[in-house]
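So you can see what is in the structure, the chains are spelled out below.
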Amino acid sequence: MATTAAPAGGARSGAGPEWGGFEENIQGGGSAVIDMENMDDTSGSSFEDMGELHQRLREEEVDADAAAAEEEDGDFLGMKGFKGQLSRQVADQMWQAGKRQASRAFSLYANIDILRPYFDVEPAQVRSRLLESMIPIKMVNFPQKIAGELYGPLMLVFTLVAILLHGMKTSDTIIREGTLMGTAIGTCFGYWLGVSSFIYFLAYLCNAQITMLQMLALLGYGLFGHCIVLFITYNIHLHALFYLFWLLVGGLSTLRMVAVLVSRTVGPTQRLLLCGTLAALHMLFLLYLHFAYHKVVEGILDTLEGPDIPPMQRVPRDIPAALPAARLSAAVLNATAKAVAVTLQSH
Amino acid sequence: MRSHIREFDSSTLNESVQNTIMRDLKAVGKKFMHVLYPRKSNTLLRDWDLWGPLILCVTLALMLQRSSIDSEKDGGPQFAEVFVIVWFGAVTITLNSKLLGGNISFFQSLCVLGYCILPLTVAMLVCRLVLLAEPGPINFMVRLFVVIVMFAWSIVASTAFLADSQPPNRKALAIYPVFLFYFVISWMILTFTPQ
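Each protein sequence line maps, in turn, to chains A and B. Using the working numbering, read the first sequence as starting at 129 and increasing by one per residue. Using the working numbering, read the second sequence as starting at 199 and increasing by one per residue.
Mixed in with the good hints there might be a few duds.
Examples of chain A residues toward chain B, derived with CB under 8 angstroms [to be verified]:
#1 Arg244
#2 Val249
#3 Met267
#4 Phe270
#5 Phe286
From chain A, some residues computed to sit far from chain B (all C-beta separations above 12 angstroms) [stated by the list, open to error]:
#6 Lys227
#7 Ile240
#8 Ile360
#9 Leu375
#10 Arg399
If you are wondering where the hints come from, they were derived from the structure by calculation, not from laboratory data. Here a beta-carbon is modelled for each residue, glycine too, at the ideal position from N, C-alpha and C.
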């Protein structure tokens with residue numbers, strides 16, 4: 129707590145007008161949050177009220193503090209005034225710089241407070257939402273609820289990063305000019321944020337009733353299916369199993385998202401455009417993640433243990449020849465899959 | 199005058215460098231003991247430091263480094279990768295616990311998470327020793343056993359320190375990322391093979 133106290137203390141002893149501007153900023157952010165949340169019927173508005181109350185109380189306290197500090201400050205400068213203008217200016221500059229830094233540090237903590245309502249969940253809620261993400265709903269006549277919450281999606285994305293890292297390591301993926309870690313994080317967060325904002329943009333064009341927060345939550349929970357499928361198929365190398373899971377588990381989670389989007393969109397063309405794009409992106413992403421970091425090891429295994437090559441022949445000559453060939457074909461496949469995914473994501 | 203000197207002595211300005219270093223090392227060692235025997239204690243939380251986590255993280259990263267510098271096979275864990283995973287992971291867990299409403303400061307949480315890597319660093323040491331022996335399924339089973347035990351130890355130790363700072367109904371949510379974090383590190387340790 130010692131670290132939080134220091135910047136806060138610095139900001140408190142700051143003068144009035146600066147603080148007022150800062151305060152308005154925070155309030156503005158708060159009201160924006162409430163606006164976003166108002167569309168959502170499951171938001172915890174009581175939490176925000178508490179936050180605002182807390183903020184106001186703190187404001188009063190700070191005003192009192194600031195008045196006391198200014199008095200002391202005046203005495204201090206008055207005494208120094210005998211020694212000339214220079215020291216006063218230097219002190220003033222240092223004071224300004226310190227205040228700016230302190231308010232910046234404090235705004236970081238204030239931002240955490242702004243984000244906090246999105247993490248206001250219970251374990252049971254997260255569990256039920258994870259299960260619900262695999263159960264498509266039938267009723268599309270009235271808008272379905274989407275909980276605006278970010279804990280579940282964020283944790284699912286981190287889980288996906290870990291699973292992807294595991295897949296990359298077991299398949300001996302080599303990435304030039306980059307680390308596996310960075311690639312995994314970039315892929316997962318890029319997909320989550322990129323596709324969410326793209327679909328949100330499409331939803332705006334198609335006049336669908338959805339906010340960015342809800343879109344992030346919807347797509348984030350949709351990644352639960354991906355996590356299950358990838359975790360199983362990175363460890364059990366079986367093509368038929370992957371396709372079965374891809375259709376069943378991936379399909380169910382996609383269907384859920386599509387059903388929710390359909391219930392919030394009006395008009396068949398808009399529904400088709402929005403849901404077709406989302407379904408295609410979501411399913412192809414799973415396909416890409418599986419084959420991009422799995423095909424390499426499969427290709428090598430096929431050449432080494434393929435039934436049509438007699439074991440006697442391949443021992444001295446074929447392995448050095450076959451290995452680069454397999455790697456090349458796998459690399460080509462990998463590159464094609466990546467290019468397809470990139471074009472799909474960017475469109 | 200005498201009282202003045204005594205006052206001067208009690209400050210750390212006047213003492214020899216050796217004393218200062220020994221005192222800090224003792225503090226770090228005491229915290230290591232707290233991790234090895236996790237009990238309900240606030241030592242790790244009250245006076246946090248980042249020396250222990252730094253030492254552990256660097257040791258782990260150095261041991262996970264492969265000896266060969268082969269550009270073809272650079273899929274193995276590298277120093278920077280381990281370093282980034284440890285610090286990025288710890289910062290993420292800390293932010294998450296703050297967002298969930300935990301009353302723990304940023305550096306306290308970093309300190310606890312960093313010190314609780316100690317069992318995994320020990321596991322890495324054991325694994326490197328075991329890997330000197332003949333490779334085979336028994337070798338792997340031994341490493342698997344050691345890593346699982348040390349993984350559980352890390353989880354137990356970190357939750358013993360961190361769980362109290364969370365609201366009681368949300369402990370599971372705060373512990374899941376901790377679990378993921380240590381799981382990734384222990385999995386890296388288990389799959390490590392020197393070239």
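Against the structure, the hints come out as follows:
The interface hint given for Arg244 (chain A) holds, since its Cβ lies 6 angstroms from the closest Cβ of chain B, which is under the 8 angstroms cut-off. A least Cβ separation of about 7 angstroms between Val249 (chain A) and chain B falls short of the 8 angstroms threshold, and the interface hint therefore holds. With its C-beta approaching chain B no nearer than about 30 angstroms, Met267 (chain A) sits outside the 8 angstroms limit, and its interface hint is violated. This hint is violated: Phe270 (chain A) has a C-beta 31 angstroms from the nearest C-beta of chain B, more than the 8 angstroms allowed.
The closest approach between the C-beta of Phe286 (chain A) and any C-beta of chain B is roughly 6 angstroms, which is under the 8 angstroms cut-off, so the hint is satisfied. For Lys227 (chain A), the non-interface assignment is confirmed: its Cβ lies about 22 angstroms from the closest Cβ of chain B, beyond the 12 angstroms cut-off. Not every beta carbon of chain B lies more than 12 angstroms from that of Ile240 (chain A), the smallest distance being close to 6 angstroms; the non-interface claim is violated. Non-interface call for Ile360 (chain A) relative to chain B: holds, since the shortest CB-CB distance, roughly 16 angstroms, exceeds 12 angstroms.
Against the 12 angstroms criterion, Leu375 (chain A) stays outside the reach of chain B, whose nearest CB is about 28 angstroms from its own CB. For Arg399 (chain A), the shortest C-beta to C-beta distance to chain B comes to about 35 angstroms, beyond the 12 angstroms cut-off, and the non-interface label holds.
This entry does not satisfy hints 3, 4 and 7, going by the numbered hints stated previously.
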